[in-house]
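Peer 1: Using the hints, put the two standalone chains together into the complex.
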Amino acid sequence: MSSWGRFAETFLNTKVMLKYLPDILSGVVVTIELALLIVVTGIGAGLTLALLRSLGVRPLNWLIIVIVDLFRSLPPLVVIVLIYFGLPSVNISASGFVSTWLSLAFVLMAFSEEIFWAGITSVAKGQWEAARSTGLSFGQTLMNVVLPQAFRLTIPPLTNRTIAITKGTALGTVVAVTEILGQASSAMSNSYNPSPLMMGAAAYLVLFFPVVVAARWVETRFAWKR
Amino acid sequence: MEAIVQSFFNLEIIAASWPIVRAGLWNTVLLSLLVVPLGLLGGLMLALLASAKRPMIRWPLMAWVDFFRAFPPLVLLILLFAGLPFAGLELGGFVCVAIAFFLNTGAYYGEILRAGIDSVPAGQIEAARSTGLSRLQAMTYVVLPQAVRNVLPDLLSNTLEVVKLTALGSVVAVPELLYQARQAQSLTYNPTPIVVAAIIYFVMLWPVVRLLSRLENRAFAGR
Chain A
1 MSSWGRFAET FLNTKVMLKY LPDILSGVVV TIELALLIVV TGIGAGLTLA LLRSLGVRPL
61 NWLIIVIVDL FRSLPPLVVI VLIYFGLPSV NISASGFVST WLSLAFVLMA FSEEIFWAGI
121 TSVAKGQWEA ARSTGLSFGQ TLMNVVLPQA FRLTIPPLTN RTIAITKGTA LGTVVAVTEI
181 LGQASSAMSN SYNPSPLMMG AAAYLVLFFP VVVAARWVET RFAWKR
Chain B
1 MEAIVQSFFN LEIIAASWPI VRAGLWNTVL LSLLVVPLGL LGGLMLALLA SAKRPMIRWP
61 LMAWVDFFRA FPPLVLLILL FAGLPFAGLE LGGFVCVAIA FFLNTGAYYG EILRAGIDSV
121 PAGQIEAARS TGLSRLQAMT YVVLPQAVRN VLPDLLSNTL EVVKLTALGS VVAVPELLYQ
181 ARQAQSLTYN PTPIVVAAII YFVMLWPVVR LLSRLENRAF AGR
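In order, the protein sequence lines correspond to chains A and B. When you number the first sequence by the numbering used here, it's gap-free, plus one each residue, and the end is 226. When you number the second sequence by the numbering used here, it's gap-free, plus one each residue, and the end is 223.
A couple of the hints might just be wrong.
Partial selection, computed: residues in chain A whose CB lies under 10 Å from chain B [unchecked claim]: (1) Thr14; (2) Pro88; (3) Ser95; (4) Gly96; (5) Val98; (6) Trp117; (7) Asn160; (8) Phe209; (9) Ala215.
Hints listed in this document are in silico derivations from the structure and should not be mistaken for laboratory results. Heads up, the beta-carbon is just placed ideally off N, CA and C, and yes, glycines get one too.
Okay, chain B solo, but in the shape it has when bound (with noise of 0.2 Å):
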């Protein structure tokens, strides 16, 4: 018991190490405020192009989106980080980071939105239409409303994923929550850092851990 608490609950390397933890707190929200909108802009993207429904346009774009899913985001990660300065392209960790983020979980927010357009009946276009509307303002004020609300669950289970996901930026060298963390393990030669942020982590996410499972309890019943 001793042994447990010097090794993962140790008051006093907490209170040493917590400026270097807090200051990777800080850059996981503030990766976590730029990759969200930054996935969700690419996901976008892709939804609509995908909404056309002209198998030219839609049948490469779910190529696109199965590739994604198919590769892992941190095979992504490393190929630009340490492929791209092969070609004379050296990018630093945070760009790669974001650049991956862009087109990994674009690919799973324009899947869901893409679904979300795709559960609104056509007869709602058609409706919006018919009233004088442009094609855009149609799927701008009718549509993604709509689109938006019926997947909403689904985009916040994404959005989770995404703010987990930026814990890969510590193999990037990007400090941020679990990069300090290791950083503060190594130099305290003791765990306690990461149980910390492990914390973090758990207290942050938690609520909409919760969240979800409710939400996800009550579209199962309902069906």
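Isolated chain A (complex conformation) (with noise of 0.2 Å):
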């Protein structure tokens, strides 16, 4: 056999792939639920947190920081491995999907009001007292003054650290999710043949590839033009 020929056998193995397929897309159906749930909660969850901190209360302020910077300064599978390995000792179990979501979506949480406060305060202080003297309320200047601007400039970075995060849901495997790297990986010892890793693998470009280049389209269009 050509040395190719070894190759595709072992890593492309047609049989093996079309048994473990329906494995495979079910592990694309979990992913999905999960990236999403990440996406929802954790960016609702920051953009919650920075308009929080416009209000300016100072102990309110000062415990934000502290959460966010916590969960920036914390490795994702560091605090999935927290929620899942060490809650069950003090009585409450969560389950590998639920670990996995509560990290990723404290994480998200924590870099999107970065960049939402960011966003928010680089909207000079003349705007708000102008949209304030014009008789505009605070929550009205808010959103529809300062908001709509500083959405503009969070958005290159906002969507990279989206991106960033929701590809950590492979983490998830590490505690027993059936997301796709942890179908691809049982079906892998299974079968004894890396291809259903390949197909993983494969399955992770054609979810994540289309978001990619999406988000490069979206920071041309919607960059400042200086």
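Peer 2: Here you go:
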């Protein structure tokens, strides 16, 4: 057999791939569910924290800063392991799925709060003052004047960060979540063949490559013309 | 309250597991000192190639970078660690981590450095070249110092991510901080060592996070 033939037989084995395709597909579904949950809750929580911070209540702001800094400095895998293996000791048990979701949502919350906050503070003070003096309320100023400008500035860092954190769903495999990597690894050990792993890798590319390309487009589309 | 202290801040457990955790801390530091320069080197190579501005070179490089932006580093690591042995190539966990980081973080550093090089006005290169500097000299002495300064917050932020990412080593049995803490946890039946590891990460990286958020706020406000 040619060396390419041997390579294909090992890494791209059609028989094995067909057999485990349903497993990988169910992994894809779990990954998508997990990713959507993380993005919606993480960014939602981040935006909420940034808005709370704009109220300017000192003790509350310190609390927000500490929480944000905590989740920016801890590796996501450490947070996952802590929730999954640590909490049962105090009789709270979270499934692997919930542990991964909560951990990555907290991490995304922290990063997006920081990005939204930087966006909000970047809007010049005069804008606030001008809007308020025309009779807009605090909420109206925030919604109609400050946030539209802030969003534009936050889009490139936010898309980057969101992609990087959502890719982290693969970490769920460490706590037995049956997402793509988990399915691919167990299929690999069952079949003693790496083809399922290649399929899993391809599945990640199919899922995330379009997102990365779309992010590039959005970045150029929303970039400030300087 | 008692239960929380017993499970998460147990002093006896901390004392008993400290040698194991300390060894892990040391390995995390060593691993970071290896993978950060490796990633920077890979990134610099990519950025210099991309600065050629020829579509023939630039497009494949962009695809390369986007590939690694889309590919989870853990999948890359598992592919090297568990996939390559089937091709008769058995690399240890440590070597796999080094290769995966070279590829993955190299792509990220490359993208940052490319943006930095792009931010230096073309007139700078023209001026440098017209004073008789070679292309390489102009790059090394004129363009790169300005490029690096322009993207310093991004470089620092990526370095923070790289150090955090070394925790992935635990999945392929590299005895870094998280792996050692997990070992200590299973030896003592108590999650305190993991809490200790988390505290160590926080104490090590918090100053960097603080510095970064000041730099980022300043960069945003400067526009």
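Peer 1: Would the stated hint for Phe209 of chain A survive a check requiring a Cβ distance to chain B of less than 10 Å?
Peer 2: holds, 4 Å
Peer 1: Please check whether Ser95 of chain A passes as an interface residue: C-beta within 10 Å of a C-beta belonging to chain B.
Peer 2: The hint is violated - Ser95 of chain A has no Cβ within 10 Å of chain B, the shortest such distance being about 17 Å.
Peer 1: Should the interface hint for Trp117 of chain A be scored as holding, given a Cβ-Cβ cut-off of 10 Å against chain B?
Peer 2: OK, holds: Trp117 of chain A within 10 Å of chain B, min 8 Å.
Peer 1: Going by Cβ atoms only, is Gly96 of chain A closer than 10 Å to chain B?
Peer 2: violated, 14 Å
Peer 1: Do the numbers back the hint for Pro88 of chain A, that is, is its least Cβ distance to chain B under 10 Å?
Peer 2: holds, 8 Å
Peer 1: Min Cβ distance, Asn160 of chain A to chain B: is it shorter than 10 Å?
Peer 2: Interface hint status for Asn160 of chain A: holds (8 Å vs cutoff 10 Å).
Peer 1: If you take the shortest Cβ to Cβ gap from Thr14 of chain A to chain B, is it below 10 Å?
Peer 2: violated, 16 Å
Peer 1: Closer than 10 Å between Cβ atoms is the bar; does Ala215 of chain A clear it against chain B? Give me holds or violated.
Peer 2: holds, 8 Å
Peer 1: Given a cut of 10 Å on the nearest C-beta pair, is the interface hint for Val98 of chain A held or broken against chain B?
Peer 2: Nearest chain B Cβ about 17 Å off; hint violated.
In the structure shown, a violation is registered for the earlier hints numbered 1, 3, 4, 5, in ascending order.
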